[in-house]
Structures are given as C-alpha cells and as structure tokens.
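Asks: Sequence:
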Amino acid sequence: MAKMMQDKVVVVTGSGGGIGREFALLMAAEGAKVVVNDIGASVSGEGKDAGPAQQVVNEIRAQGGEAVANTDSVSSWMGANAIIKAAIDHFGRIDCVVNNAGILRDRMFFKMNPEEWGAVIDVHLNGTFYVSRAAATYFKEQESGSYVHMTSTSGLIGNIGQANYGAAKLGITALSKMIAMDMARYHVRSNCIAPFAWSRMIGSIPADTPEAKARVEKLKTMEAAKIAPMAVFLCSDAAKDVSGQVFAVRANEIFLMSQPRPLRSVQRDGGWTAQSIAEHAIPAMRAGFYGLDRSQDVFSWDPV
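Residue 90 in the working numbering sits at position 90 of the sequence shown, and the numbers go up by one each step.
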C-alpha cells in the first residue's frame, strides 16, 4: 500500500514533544521528509533547548525516515522564514506546514497583563501567520501545498482564564479561512484541527477543585497519537478537495465544527430605536442566544 505522504516535505512547528511529536513521527512513517521545529522552551515560552527537536529527529531516523531539526522561533518573521528555509535547504521543497507551536500564560482576564497577552498572541496567532506566509511564496510558485493549523475549543467555544489563548486560537480559524480563500486559485489548502489530548500544555492547567481534577483525569485518557492521522490526511493528496474547514479530534471521535452563520433575524419598517430593540428584537432572538458555555459543557460526555 502506498504511503500517504511519500516524498512530501513537511514542517511541523512545536514538534519536540506532545501532539507535535506525534505529527512528526506519523508524517515520517507515511513517507514524508520532516523539519522538526521546536525551540525547546517551557510551557510558558521561557528558555531554549535544542534537545527535544533533535531527539524526535533521532527517533525518525532510527525508523528509517528523513528529518532535520530546527530551533528557530515562530514568533518572529526572521525565525519563521528560517524554519521554511530549513526545508528548502535540506530537502529542496516544501509541501505542507503544520502550525502546532504554542505556549500558555493562563490568567483571569481582570488580572492578565500586557506581557501575558502579547506573548501568547505572538506565538499562536502571529506565529501562524509568519510561518504560513513564509511558505506561501513557495506554495504559490509550485501551485500546490497544504496548511494545517491548530485551533482550540477554548477559542471556538470558550474557557475560563484563557482570554489570550482563546482569542489567538479563534483568530487562527479566521486566518485559516482567509488563506484557503486567497490561495485556492493556486490549489493550496488550509484547514484547522482542534485537538483533545493529554500534553505538557494541558498538564499545566490548574486542577484545584474536584471537578477540575476529574476533567484532567479524563484528558489523560486521550492520546496525542490519535490526533495525528487527521493531520496526515489533511496534508495528503487524499484531501485535495478539503479546505477552509475546522475539525475537532477527541480520542476516537472526529467532529466537523460549525462556522458562524446567521441564526435568527428581525426587521422593522422604518428602522429600530434602542427602545424597540429592547421590547421586540431581543425577545424575538433570545431563544437563539448562546450561554456562557465552556468546552467541557458542550463536550459533556466521556471520550469514546
């Protein structure tokens, strides 16, 4: 049986551990040449260590695959271009980008400071733009390519204490859709995955209540390796007609997530006043209002 990623060149950011490592390993097992990018920082983005990326490269090579390590940061334009250049320099082309790198600086909104906000936006949202844009020139010239961006239900649905992370992740879904639209004429695709899996980042979530502890125990049952097949599929030619979509993967479950569309509408001859909105428009639409749901409120059943 032919390998789904045979001879394709893939960049996976943040692939020195967790979900990214599983992406890199499965991409290589399916025949891809992989740039394993990871600066080796802490969950909060501090420090640097070349070890994690090189260790994943060693694992891939031990299995007969081809890979090279890269430790540039996605959070700068220069770093992002160096990541893509590593693929060109070592393998001669670039076919797929998986924007997986991320950090957390969780804090209640009313306590969050500008540095905590900016650091998360820089890595997640700006980093996704920088790396994607650096690859776009090559994708456009060769008229092929695929992006897979990691979003989160913290942005798609909501979570407490993650205003920076949720804003960045929802921003990534909009960026992905715009990339899909702008690059469609060049046969370039862009999709998002919202992963449910135990990882170092998830392990940093405070578990200081019985409810939180129970949730963490459920998360521990969701293996990072189960997210990887969707990323491989989306990067492969088998997904040539899949673009602009948002998927969630949770253990053995795959979800196609909704995208904002009108739910209800009201109209009034002569226009509205603030008073008539209060008296008529809002009561008419209230049944369609969303509650302040968290991800675990929407995905309320145990993983399958």
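Simulated from the structure, these hints should not be mistaken for laboratory data.
Note that the coordinates shown come from a computational prediction; the quantities given were computed from them, not determined experimentally.
Be a bit skeptical, because a hint or two may be false.
Taking lysine to aspartate or glutamate pairs in the EDC-like style, the calculated list, with each CA pair at most 16 Å apart, reads [what the hints assert, rightly or not]:
| # | residue 1 | residue 2 |
| --- | --- | --- |
| 1 | K213 | E143 |
| 2 | K226 | E253 |
| 3 | K3 | D72 |
| 4 | K240 | E143 |
| 5 | K140 | D72 |
| 6 | K3 | D241 |
| 7 | K48 | E66 |
| 8 | K85 | D72 |
| 9 | K177 | D72 |
For each label pair, taking beta carbons as the anchor points, the in silico distance ranges come out as [said to hold, decoys possible]:
| # | residue 1 | residue 2 | range |
| --- | --- | --- | --- |
| 10 | D269 | Q142 | 40 to 48 Å |
| 11 | E211 | D269 | 43 to 51 Å |
| 12 | H90 | K3 | 28 to 36 Å |
| 13 | G270 | S300 | 38 to 46 Å |
For each residue, glycine too, the CB sits at the ideal point set by N, CA and C.
Asks: Now look at each hint and say whether the structure bears it out.
Replies: Now the hints, each set against the structure:
1. K213 x E143: It is violated: about 48 Å lies between the C-alpha atoms, which goes past 16 Å.
2. K226 x E253: holds (9 Å)
3. K3 x D72: violated (29 Å)
4. K240 x E143: Answer holds: K240 to E143 is near 12 Å, not above 16 Å.
5. K140 x D72: Not OK: K140 and D72 at ~23 Å, beyond 16 Å, violated.
6. K3 x D241: violated (19 Å)
7. K48 x E66: Judged against 16 Å, a Cα distance of about 24 Å means the pair is violated.
8. K85 x D72: holds (11 Å)
9. K177 x D72: violated (26 Å)
10. D269 x Q142: 40 to 48 Å: violated (55 Å)
11. E211 x D269: 43 to 51 Å: Cβ of E211 to Cβ of D269: about 50 Å, so the range 43 to 51 Å holds.
12. H90 x K3: 28 to 36 Å: Cβ of H90 to Cβ of K3: about 20 Å, so the range 28 to 36 Å is violated.
13. G270 x S300: 38 to 46 Å: Because 44 Å falls inside the window, the suggested range holds.
Hint compliance for this structure: hints 1, 3, 5, 6, 7, 9, 10 and 12 are broken, all remaining hints hold.
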